[in-house]
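Chains as they are written, first to last, in numbering that gives the first Met the number 0: chain A, 0 to 616; chain B, 0 to 616.
Keep in mind that the hints are not guaranteed to be accurate.
You can't tell identical chains apart in this list, so a pair holds if it fits in one copy or across any two.
[Unchecked claim] EDC-like cross-link-like pairs, simulated, lysine to aspartate or glutamate; straight-line CA separation at most 16 Å:
#1 377 <-> 131
#2 14 <-> 199
#3 14 <-> 198
#4 6 <-> 342
#5 6 <-> 180
#6 14 <-> 282
#7 175 <-> 198
#8 6 <-> 371
#9 14 <-> 171
#10 377 <-> 358
#11 175 <-> 450
#12 6 <-> 373
Hints were generated in silico from the structure; no laboratory data involved. Just so it is clear, the structure is predicted and the values come from calculations on it, not from any experiment.
There are 2 protein chains.
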Amino acid sequence: MLTAPCKAQLWECNKTLIDVAQGRTPADVVIRHATLVNVCTHEVLPQTDIAIAEGRVAYLGLAPHTAEHCIGPDTQVIDAAGAYVAPGFLDGHMHVESSMVGVAEFARAVVPHGTVGVFYDPHECANVCGLDGVRQMALDATRVPLKAMLTTPSCVPAVPGFEDTGSAIGPDDAAKTMRWDSVVGLGEMMNYPGVLAADDHPLGEIDETLRRGYRVTGHYSVPEVDQGLNAYIDSGVSCCHESARPEDVIAKLRLGMYVQLREGSAWNNLATLAPAISGPDADPTLDTRHCCLVTDDDHPATIVHHGHLDQVLALAVSLGIDAVTAIQMVTINTASCFDLEADLGSIAPGKCADLVFLDDLTSFHVSLTMVDGDVVAKDGAALFSPEPFAYPAWMTHTMHLGERISAATFAIPAPEEAGASVRVRAMGMSAGSTLTRELHLDAPVRDGHIEADPTNDLLKVLVFERHHATGTHAAGFVHGFGIHGALAQTVAHDAHNLLVMGDNDADMALAATTLENCGGGEVAVADGHVLGLVELPVCGLMSQGSAAEVADQVSHMEQVWRDMGCTMNSPFMTLGLASLACIPELRLTDRGYVDCTTYRFVPLLVDEKDTAPDTIA
Amino acid sequence: MLTAPCKAQLWECNKTLIDVAQGRTPADVVIRHATLVNVCTHEVLPQTDIAIAEGRVAYLGLAPHTAEHCIGPDTQVIDAAGAYVAPGFLDGHMHVESSMVGVAEFARAVVPHGTVGVFYDPHECANVCGLDGVRQMALDATRVPLKAMLTTPSCVPAVPGFEDTGSAIGPDDAAKTMRWDSVVGLGEMMNYPGVLAADDHPLGEIDETLRRGYRVTGHYSVPEVDQGLNAYIDSGVSCCHESARPEDVIAKLRLGMYVQLREGSAWNNLATLAPAISGPDADPTLDTRHCCLVTDDDHPATIVHHGHLDQVLALAVSLGIDAVTAIQMVTINTASCFDLEADLGSIAPGKCADLVFLDDLTSFHVSLTMVDGDVVAKDGAALFSPEPFAYPAWMTHTMHLGERISAATFAIPAPEEAGASVRVRAMGMSAGSTLTRELHLDAPVRDGHIEADPTNDLLKVLVFERHHATGTHAAGFVHGFGIHGALAQTVAHDAHNLLVMGDNDADMALAATTLENCGGGEVAVADGHVLGLVELPVCGLMSQGSAAEVADQVSHMEQVWRDMGCTMNSPFMTLGLASLACIPELRLTDRGYVDCTTYRFVPLLVDEKDTAPDTIA
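Only chain A is shown next, with the shape it has when bound in the complex (with noise of 0.2 Å):
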């Protein structure tokens, strides 16, 4: 049951509502003349009104019927004058941070385009400050009308004993959590080998949440859909963002999961995806009701300039997917993902006043949005505007280097035997995946060192850690930017180390200690210059601006990047997974390269009995 997202339980209201249904109290407000989507019974029902009271529905009037009995003379009358009103929307998993502001900053950006509720999983803060960092993020949410329903963690660090982070969660710390009142379920087990091992860490925190009755998010990222996907679901998991490919999602759905469509800045699945529900071969009378809608991670320039997931309901229907249904991916099929809803997710007496005007039902633009009953944003534009959040210092302080970095720091050591060039490892990388290639290329090797190429497109790589000061990096290398410079980044996905990848190291050290002084953020830099800099103070992923102030900075550096060679979309994105040792399938963390595949460590250079691909398909 869902104790704080609601302005009254319904136990602690239904008599006022009761009363205001049959006209003998007045409503506090009433929408007039809208065309409803009745996500209940895929309908779309023209003149209906609607009434409410602390903050719920008490009075539904479909046509004949109107709520003029539950107009006194306080209520606020809203004619629609024809337009859709429909539950307002809700991303069932999905990462504040990558919106680089915190809770109520990414309130203020998103609430205008209809989104009222967001599952998210705040796993990028806790891995640099832990539970604490995670409790000021929910404490900054009670100041906005968003529901902030957090997912407590599951996975930090990502992967045990391949990286460093600031902070870790285990199954006792799951379990207080389960007790915290905006908690709703726990966040996406990244950790399948350890499900698949039936290990104690992550089947104890699943344990947890199922004890609380709570729901357990996933994250199954790998093609196999038989023994490992059943294991995976044996475990408790019963959702799941990571499908690749539409036979993921009807495996996923065939095993009773819910599949949550993802649509991201940078990860968009969705013309690959929708096939699986309105491709030329899906199966017409396919059962929708375990399919959502979901934005995982969408970057502030994503959400100022294109929306959030109106967006992606717009892509959804020019996909060929219904309207009706793609509504109910983003209200009911998402409530009932959490077994919330009673509360949530429709439009009808007793729930909460959630819900959207919508101009049409291909563009979904929304013209007005509605929170527990209250009027939140209109035109775009958000009604609430709390003060900046008073991060504690602990927060906005978390460039722990162990060493003083230098171009010497970025030198990498070639072997006494080497000749004019070594076969070293490269994370293949390409925008739009969350995939890396492991790819064996030459480097050059001068002075003793092995250097980038970057004709090639070749480029050095190194991850330091950066929350306990013990001076742990390592180096590999990167193919897919394309870029002449530096780009450093703290947000560095999961442990969030100082991430550097350059063509030169006297401009990697210069990217990495311009981070180091603002406390985080993205820089750029090329030839002794800094082209562009985000500022992310607050754990060196989220700044203190708006979304629409980060939005031109990160827009200011997509140029930069783009001046500087790079043709991908989203380059900041992708490059900050290049760490990211849970997905295949190689990566570098601060101990150096990880198989993604096999979990092991694997080194810099190629051994010649390794048998990876050697050309760059």
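Following the hints, position chain B against chain A.
Here is chain B on its own, set in the frame of chain A:
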């Protein structure tokens, strides 16, 4: 969260399931070559294997995958040989007492028909023996594999102030039961006038249920589906089985309710209601996720001779409802209605292994039933057979009449000024309907007494308080049964007082005393002879024999009814509603006639100003 009706909670056994799915530990049971009815996706999937351990599905092998890797030397392998395998059926609203046997005997009767779980509201027992009696029923249930999930009786008495019962239940009592293992919600809230008036008693019970995170089941039987229905749902009631017209179904679905389409022995609503879904005017895209099929009240003869939810499914399909959609209405939809989808209602990894083998999707003939991974019924026979339940004496001696009954007790004095006849109120009753009509008919006066008029099918009916020996009783008339002689029964909803109907006082007296002496049940008498008797000594409602034995007795009794002139189907069940004052239009309780539209007592004799119908339509 469901605490009792699973062999093991998922968090207690997920390690084993994970091992089984991956072939590291053998399964307890493997079903091979099933044609899976997948209620999550609405698909029928041939060549599916199902591996089971710890009572739960560990692995679902969808072709071309098989569960061969889960088979060990001790694994029980069942070859489904292509049979349809569907989730076991769940009855979302029913009263075990209507089967006239205890829960264990009921289970023996219905489990072979594929019913694996019932959401039962033991309000008949509660009216006689209170929550102590309910606890005994729950105790009986623990001895059989049927998942007997309790919804605490909410309306005991059904209509406070209008009848005398053996016990009463209030908000504090309801709150206590919410901590019982077997309780999953609140039983049907029949007191809709109280809900609409926002009375403390019904709302108190509802609030205690909502506070616990459980669902409140409904009973909204009036055709008003605007302000009243909105207000009723506002209270927190989330499902309803009392729909009389297709438009009631649509209205309730649109207002977010789960609609439980009822097909019981006597209340045959499905043929009337199915067109809302499958009729020529139905919206083919109507979402049916909130539709369930329930029995409410099934007679022992119905169960023994025709079946249970299996026959309801067959009827639904014959009425044009898609077979898989119909199965969803007794599986996943029902589980979802009670927020139990995580454990029940589908065949998927981690879910309870409750399933049925079906010969086809038209007759829905069940050849095997499995609960928690155990084969519990095969080829129509239950494979479990507990000892008769030892009911305490206070449950088997419940006939406490406060007066010595003789023929004189049944005399109804006429007013002194009466002529040859007086105009009386009579309950017009008809088979298959729970409603009565208020009729105004002429009754003959002889020797200063108002008499029955069997030639016009106008019979006398008296109701005697029988719980606390108060001697309270009241008299009225009934039309629709057409018998000569007398019938009496202690199954007289919901107070279950002693109800006696007949055309002469001597037979009525014999009928009454016969039941008094045997502890309750039903009896037919004519011309001084007992023609049929069904002894129901447990609360005056249930036999201690088997369902088959009681069915035989009831069948004999029905033959007796027909011999006595009654053409009604299940007349016993229809007569048993003559005192049910929570359903329109006119009912007789031990305190007198109740106008069940306005909720006031009305006199036997019709005033000249009264305007109700005086003809028999």
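A quick look at each hint next to the structure:
1. 377 <-> 131: Neither, since 34 Å and 56 Å both go past 16 Å.
2. 14 <-> 199: For residue 14 and residue 199, the Cα distance is within 16 Å only across copies (9 Å; inside one copy 47 Å).
3. 14 <-> 198: between (49 Å within a copy, 8 Å between copies)
4. 6 <-> 342: within (11 Å within a copy, 30 Å between copies)
5. 6 <-> 180: within (13 Å within a copy, 31 Å between copies)
6. 14 <-> 282: neither (45 Å within a copy, 34 Å between copies)
7. 175 <-> 198: neither (20 Å within a copy, 39 Å between copies)
8. 6 <-> 371: within (6 Å within a copy, 41 Å between copies)
9. 14 <-> 171: Close neither inside one copy (40 Å) nor across copies (18 Å); limit 16 Å.
10. 377 <-> 358: Classified as within; 13 Å inside a copy, 57 Å across copies.
11. 175 <-> 450: For residue 175 and residue 450, neither the intra-copy (48 Å) nor the inter-copy (73 Å) Cα distance is at most 16 Å.
12. 6 <-> 373: within (10 Å within a copy, 46 Å between copies)
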